[in-house]
Amino acid sequence: MTETVKFHFTVDGENFTMAGQASVAVKKNLRQLGISPEIIRRVSIAMYEGEINMVIHAGGGEADVFVYENMIEIVLTDNGPGIANVELAMQEGFSTAPDQIRSLGFGAGMGLPNMKKHTDFMGIDTKLGKGTKITMRVNF
Amino acid sequence: MTVEKLKEKLMLDAVVVPDSNREITGCYIGDLLSWVMGAAKTGDIWITIMSNINIVAVATLCDTACILLAEGVLVDEEVKQAAQERKINILSSKKSAYTLSTEIAELLV
Ligand SMILES: Nc1ncnc2c1ncn2[C@@H]1O[C@H](COP(=O)(O)OP(=O)(O)O)[C@@H](O)[C@H]1O
Ligand SMILES: [Mg+2]
Numbered sequence: 001m002t003e004t005v006k007f008h009f010t011v012d013g014e015n016f017t018m019a020g021q022a023s024v025a026v027k028k029n030l031r032q033l034g035i036s037p038e039i040i041r042r043v044s045i046a047m048y049e050g051e052i053n054m055v056i057h058a059g060g061g062e063a064d065v066f067v068y069e070n071m072i073e074i075v076l077t078d079n080g081p082g083i084a085n086v087e088l089a090m091q092e093g094f095s096t097a098p099d100q101i102r103s104l105g106f107g108a109g110m111g112l113p114n115m116k117k118h119t120d121f122m123g124i125d126t127k128l129g130k131g132t133k134i135t136m137r138v139n140f
Numbered sequence: 141m142t143v144e145k146l147k148e149k150l151m152l153d154a155v156v157v158p159d160s161n162r163e164i165t166g167c168y169i170g171d172l173l174s175w176v177m178g179a180a181k182t183g184d185i186w187i188t189i190m191s192n193i194n195i196v197a198v199a200t201l202c203d204t205a206c207i208l209l210a211e212g213v214l215v216d217e218e219v220k221q222a223a224q225e226r227k228i229n230i231l232s233s234k235k236s237a238y239t240l241s242t243e244i245a246e247l248l249v
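Heads up: the sequence lines are chains A and B, in that order. Start counting the first sequence at 1; every next residue gets the next number (the numbering used here). Start counting the second sequence at 141; every next residue gets the next number (the numbering used here).
It should be emphasised that the hints constitute simulated quantities derived from the structure, not laboratory data. The structure presented is a predicted model; accordingly, all values stated were derived computationally and were not measured. Check before you lean on any hint, since a few could be wrong.
Pairs of lysine to aspartate or glutamate residues, derived as DMTMM-like cross-links and limited to a Cα-Cα distance of at most 25 angstroms, are as follows [what the hints assert, rightly or not]:
1. Lys116/A / Glu87/A
2. Lys117/A / Asp203/B
3. Lys28/A / Asp203/B
4. Lys234/B / Asp153/B
5. Lys6/A / Glu38/A
6. Lys117/A / Asp171/B
7. Lys234/B / Asp216/B
8. Lys116/A / Asp203/B
9. Lys235/B / Asp159/B
10. Lys181/B / Asp120/A
11. Lys220/B / Glu14/A
12. Lys181/B / Glu246/B
13. Lys181/B / Glu92/A
14. Lys145/B / Glu243/B
15. Lys145/B / Glu211/B
16. Lys130/A / Glu69/A
17. Lys28/A / Glu217/B
18. Lys181/B / Glu73/A
19. Lys235/B / Asp216/B
20. Lys227/B / Glu38/A
21. Lys235/B / Glu246/B
22. Lys147/B / Glu163/B
23. Lys227/B / Asp12/A
24. Lys130/A / Asp12/A
25. Lys28/A / Glu218/B
26. Lys6/A / Glu69/A
27. Lys28/A / Glu211/B
28. Lys6/A / Asp203/B
29. Lys28/A / Asp64/A
30. Lys28/A / Glu225/B
31. Lys181/B / Glu38/A
32. Lys116/A / Asp171/B
33. Lys220/B / Asp12/A
34. Lys234/B / Glu144/B
35. Lys28/A / Glu243/B
Using the sequences and the accompanying hints, generate a full structural model.
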């Protein structure tokens with residue numbers, strides 16, 4: 001498979017108002033590449049949830065997006081606290097988000113389930129105290 | 141129906157309307173952003189009382205036709221600016237989400 005395009009973003013963990021910038025930029029870039037709206041929607045929603053998670057739960061991180069011939073891969077890497085119980089975290093409604101985050105409309109515990117729902121593959125590689133790497137793929 | 145038409149018919153206030161010809165195809169009501177991300181569809185009117193800057197990113201990514209702020213909710217200047225830059229329509233009304241949605245239902249049939 002030939003890798004055609006890649007994008008890299010640093011996701012700022014301090015600035016909550018800027019959260020989502022990487023996903024919005026990716027959406028724009030994918031549109032310019034002529035990717036179909038439905039694929040773009042799935043990629044950008046999944047990435048946004050992951051990006052927000054890095055901001056809320058991990059103090060920021062790195063986002064890489066690779067556009068291949070028939071697939072888009074999103075890799076989100078952070079040096080946050082890691083996820084203690086992935087199975088639990090994947091459940092709809094499970095959230096450790098603090099109240100002040102909830103008052104902004106986040107912390108519904110639907111992020112990880114949404115990421116899974118909108119992608120064809122999602123893998124979580126996490127180590128407590130070290131960080132989390134989430135890989136998602138959308139085929140087209 | 142376009143966003144401009146919706147604004148006229150329901151007598152909504154225009155907060156920022158940089159894309160007034162945007163076609164409306166449906167409606168979704170919700171304040172929990174992940175919930176909205178999972179359920180709102182392209183072309184929906186998104187009715188919410190959430191007013192922080194993150195609504196602009198959510199509307200951008202979900203490709204909703206407009207954000208409709210219910211209950212007279214106000215947004216900051218920075219939200220207006222971000223919406224203008226990203227061509228996201230924001231309308232507002234003093235009515236409740238319920239009242240707005242019943243009126244929208246009549247328009248969308
Ligand atoms: N990158 C991450 N680093 C550490 N913990 C995470 C990360 N992403 C998710 N989590 C954990 O998984 C839980 C569920 O995530 P999610 O489904 O997105 O819900 P929410 O973000 O609304 O809490 C979070 O509350 C958090 O405890
Ligand atoms: Mg989340």
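Hint check results:
1. Pair hint lysine 116/A plus glutamate 87/A holds up; C-alpha atoms about 12 angstroms apart against a cutoff of 25 angstroms.
2. For the given pair, lysine 117/A sits about 18 angstroms from aspartate 203/B by alpha-carbon distance, which is consistent with the 25 angstroms threshold.
3. For the suggested pair lysine 28/A and aspartate 203/B, the alpha carbons sit about 12 angstroms apart, so the restraint of at most 25 angstroms is met.
4. Using a Cα cut-off of 25 angstroms, the hinted pair lysine 234/B and aspartate 153/B holds, with the two alpha carbons roughly 9 angstroms apart.
5. Between the alpha carbons of lysine 6/A and glutamate 38/A the distance comes to roughly 20 angstroms, so the proposed pair stays at or under 25 angstroms and holds.
6. Pair hint lysine 117/A plus aspartate 171/B holds up; C-alpha atoms about 20 angstroms apart against a cutoff of 25 angstroms.
7. Restraint check for lysine 234/B and aspartate 216/B: the C-alpha separation of about 17 angstroms stays at or below 25 angstroms, so the hint holds.
8. Proximity of lysine 116/A to aspartate 203/B is assessed by CA-CA distance (about 20 angstroms); at most 25 angstroms being required, the pair is judged to hold.
9. Taking the CA atoms of lysine 235/B and aspartate 159/B, the gap is about 23 angstroms. The hint holds against a cut of 25 angstroms.
10. The straight-line distance between the Cα atoms of lysine 181/B and aspartate 120/A is roughly 19 angstroms, inside the 25 angstroms bound, and the hint therefore holds.
11. With a C-alpha separation of about 22 angstroms, the suggested pair lysine 220/B and glutamate 14/A falls inside the 25 angstroms cut-off, and the hint holds.
12. The hinted pair formed by lysine 181/B and glutamate 246/B meets the criterion: a straight-line CA distance of about 19 angstroms does not exceed 25 angstroms.
13. About 20 angstroms separates the Cα atoms of lysine 181/B and glutamate 92/A, which keeps this hinted pair within 25 angstroms; it holds.
14. Under the criterion of a C-alpha separation no larger than 25 angstroms, the hint pairing lysine 145/B with glutamate 243/B is consistent with the structure, at around 13 angstroms.
15. As the CA atoms of lysine 145/B and glutamate 211/B are separated by approximately 21 angstroms, the hinted pair is consistent with the 25 angstroms bound.
16. Note on lysine 130/A and glutamate 69/A: the hinted pairing is violated, with a Cα-Cα distance of about 33 angstroms set against a maximum of 25 angstroms.
17. Note on lysine 28/A and glutamate 217/B: the hinted pairing holds, with a Cα-Cα distance of about 24 angstroms set against a maximum of 25 angstroms.
18. Under the criterion of a C-alpha separation no larger than 25 angstroms, the hint pairing lysine 181/B with glutamate 73/A is consistent with the structure, at around 23 angstroms.
19. This hinted pair checks out: lysine 235/B and aspartate 216/B have alpha carbons roughly 20 angstroms apart, not beyond 25 angstroms.
20. Between lysine 227/B and glutamate 38/A the CA atoms are separated by roughly 19 angstroms; this keeps the pair inside 25 angstroms, and the hint holds.
21. A distance of roughly 16 angstroms separates the Cα atoms of lysine 235/B and glutamate 246/B; the hinted pair therefore holds under the 25 angstroms criterion.
22. This hinted pair checks out: lysine 147/B and glutamate 163/B have alpha carbons roughly 12 angstroms apart, not beyond 25 angstroms.
23. For the hint pairing lysine 227/B with aspartate 12/A, the CA-to-CA distance comes to about 24 angstroms; that is within 25 angstroms, so the pair holds.
24. For the given pair, lysine 130/A sits about 18 angstroms from aspartate 12/A by alpha-carbon distance, which is consistent with the 25 angstroms threshold.
25. With a C-alpha separation of about 21 angstroms, the suggested pair lysine 28/A and glutamate 218/B falls inside the 25 angstroms cut-off, and the hint holds.
26. Between lysine 6/A and glutamate 69/A the alpha-carbon distance is near 12 angstroms, which keeps this suggested pair within the 25 angstroms criterion.
27. At roughly 32 angstroms between alpha-carbon atoms, lysine 28/A and glutamate 211/B are farther apart than 25 angstroms, so this suggested pair is violated.
28. Straight-line distance between C-alpha atoms of lysine 6/A and aspartate 203/B comes to about 23 angstroms, which keeps the hinted pair within the 25 angstroms bound.
29. Straight-line distance between C-alpha atoms of lysine 28/A and aspartate 64/A comes to about 15 angstroms, which keeps the hinted pair within the 25 angstroms bound.
30. Proximity of lysine 28/A to glutamate 225/B is assessed by CA-CA distance (about 13 angstroms); at most 25 angstroms being required, the pair is judged to hold.
31. A hinted pair counts as satisfied when its Cα atoms are at most 25 angstroms apart, and lysine 181/B with glutamate 38/A qualifies at roughly 10 angstroms.
32. For the suggested pair lysine 116/A and aspartate 171/B, the alpha carbons sit about 21 angstroms apart, so the restraint of at most 25 angstroms is met.
33. Proposed proximity of lysine 220/B and aspartate 12/A is supported: the alpha carbons are some 22 angstroms apart, at most 25 angstroms.
34. At roughly 18 angstroms between alpha-carbon atoms, lysine 234/B and glutamate 144/B fall within 25 angstroms of each other, so this suggested pair holds.
35. Among the hinted pairs, lysine 28/A with glutamate 243/B is inconsistent with the structure: their alpha-carbon atoms are about 34 angstroms apart, more than 25 angstroms.
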